[in-house]
Amino acid sequence: DAGITQSPRHKVTETGTPVTLRCHQTENHRYMYWYRQDPGHGLRLIHYSYGVKDTDKGEVSDGYSVSRSKTEDFLLTLESATSSQTSVYFCAIRSGTDTGELFFGEGSRLTVL
Amino acid sequence: AQSVAQPEDQVNVAEGNPLTVKCTYSVSGNPYLFWYVQYPNRGLQFLLKYITGDNLVKGSYGFEAEFNKSQTSFHLKKPSALVSDSALYFCAVRDPMNTGFQKLVFGTGTRLLVSP
Chain U
227 DAGITQSPRH KVTETGTPVT LRCHQTENHR YMYWYRQDPG HGLRLIHYSY
277 GVKDTDKGEV SDGYSVSRSK TEDFLLTLES ATSSQTSVYF CAIRSGTDTG
327 ELFFGEGSRL TVL
Chain Z
9 AQSVAQPEDQ VNVAEGNPLT VKCTYSVSGN PYLFWYVQYP NRGLQFLLKY
59 ITGDNLVKGS YGFEAEFNKS QTSFHLKKPS ALVSDSALYF CAVRDPMNTG
109 FQKLVFGTGT RLLVSP
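Residue numbers (this note's numbering), protein chains in the order written: chain U, 227 to 339; chain Z, 9 to 124.
Rather than coming from a laboratory, the hints here were simulated on the basis of the structure. All residues carry an ideal CB built from backbone N, CA and C; glycine is no exception. Errors might be hidden in some of the hints.
As the list claims (entries may be wrong) - The list that follows gives simulated cross-link-like pairs (lysine to aspartate or glutamate, EDC-like), each with its CA atoms no further than 16 angstroms apart: (1) K111/Z to D324/U; (2) K85/Z to D103/Z; (3) K111/Z to D282/U; (4) K30/Z to E72/Z; (5) K111/Z to E327/U; (6) K111/Z to E285/U; (7) K296/U to D280/U.
Stated by the list, open to error - Label-pair restraints from in silico Cβ distances: (8) H236/U to D17/Z: 21 to 29 angstroms; (9) T239/U to S92/Z: 30 to 38 angstroms; (10) Q53/Z to N254/U: 16 to 24 angstroms; (11) D17/Z to S321/U: 27 to 35 angstroms; (12) V91/Z to T246/U: 34 to 42 angstroms; (13) A22/Z to K279/U: 48 to 56 angstroms; (14) E16/Z to E240/U: 33 to 41 angstroms; (15) Q79/Z to V278/U: 41 to 49 angstroms; (16) S68/Z to T243/U: 38 to 46 angstroms; (17) E285/U to E16/Z: 21 to 29 angstroms; (18) E74/Z to R248/U: 33 to 41 angstroms.
Unchecked claim - If you only want the chain Z side, here are some residues facing chain U, beta carbon under 10 angstroms, derived: (19) R50; (20) I59; (21) G70; (22) F71.
Please take these sequences and the hints and turn them into a complete structure.
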């Protein structure tokens, strides 16, 4: 158990509404990530954080923003959800070893109608 | 930029038979390679990694993977498959020589189906 909690686990919303997904870790790790998983695409990096208030874009960051005001929390926000953002979102933390393997949360399934 | 290819969308194997899930990679330097498994409605679980040294690495649940530098491959193997091994498997690569952010790049996944 990597000590990662995602909330909500499931959400259905309508196009144009804002959505925030929360990732909470109990391990005090520096690096945190948000990925989305879609059939045929595997996992794609949305945003990542390398410390409090330190965040950067991944490969599919358009339409998403993030915030990290505390070490343990990393929030992903969809300012105005679109149907193309229907996906399963995974938060991950990076291990403290030099090899940097990731450990994932259980995922948040978002459906945008 | 690094990349990973998993050429098979699905692998079917009978319980008790050996299994192989294929992965090839592309990086500019020496890679760090990883395998993850995902069970239905769950997050990805780390299985094993190759960093350096012995080309055959052992991981969780009896899985092992063979690193082949000349073929740029990192195939996942298990001598005797179990029905409970049925899941989605992801290969991932990181290039430790990148001077910038060293992201982990994932393949598209291979679904393993083990029949009784």
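Hint check results:
1. K111/Z to D324/U: holds, 13 angstroms
2. K85/Z to D103/Z: violated, 23 angstroms
3. K111/Z to D282/U: Judged against 16 angstroms, a Cα distance of about 12 angstroms means the pair holds.
4. K30/Z to E72/Z: holds, 12 angstroms
5. K111/Z to E327/U: holds, 10 angstroms
6. K111/Z to E285/U: holds, 10 angstroms
7. K296/U to D280/U: Satisfied, since the Cα-Cα distance of roughly 11 angstroms is no more than 16 angstroms.
8. H236/U to D17/Z: 21 to 29 angstroms: holds, 26 angstroms
9. T239/U to S92/Z: 30 to 38 angstroms: holds, 35 angstroms
10. Q53/Z to N254/U: 16 to 24 angstroms: For N254/U against Q53/Z, whose Cβ atoms are near 21 angstroms apart, the range 16 to 24 angstroms holds.
11. D17/Z to S321/U: 27 to 35 angstroms: With Cβ atoms ~29 angstroms apart, the hint holds.
12. V91/Z to T246/U: 34 to 42 angstroms: holds, 39 angstroms
13. A22/Z to K279/U: 48 to 56 angstroms: holds, 53 angstroms
14. E16/Z to E240/U: 33 to 41 angstroms: Distance hint for E16/Z, E240/U holds at roughly 38 angstroms.
15. Q79/Z to V278/U: 41 to 49 angstroms: At 43 angstroms between Cβs, range holds.
16. S68/Z to T243/U: 38 to 46 angstroms: holds, 40 angstroms
17. E285/U to E16/Z: 21 to 29 angstroms: Hint holds: Cβ distance 24 angstroms, inside 21 to 29 angstroms.
18. E74/Z to R248/U: 33 to 41 angstroms: For E74/Z and R248/U the Cβ distance comes to about 39 angstroms; the hint holds.
19. R50: Holds, because the Cβ-Cβ distance from R50/Z to chain U comes to roughly 6 angstroms (cut-off 10 angstroms).
20. I59: Where the cut-off is 10 angstroms and the nearest Cβ of chain U is about 5 angstroms from I59/Z, the hint holds.
21. G70: violated, 19 angstroms
22. F71: violated, 15 angstroms
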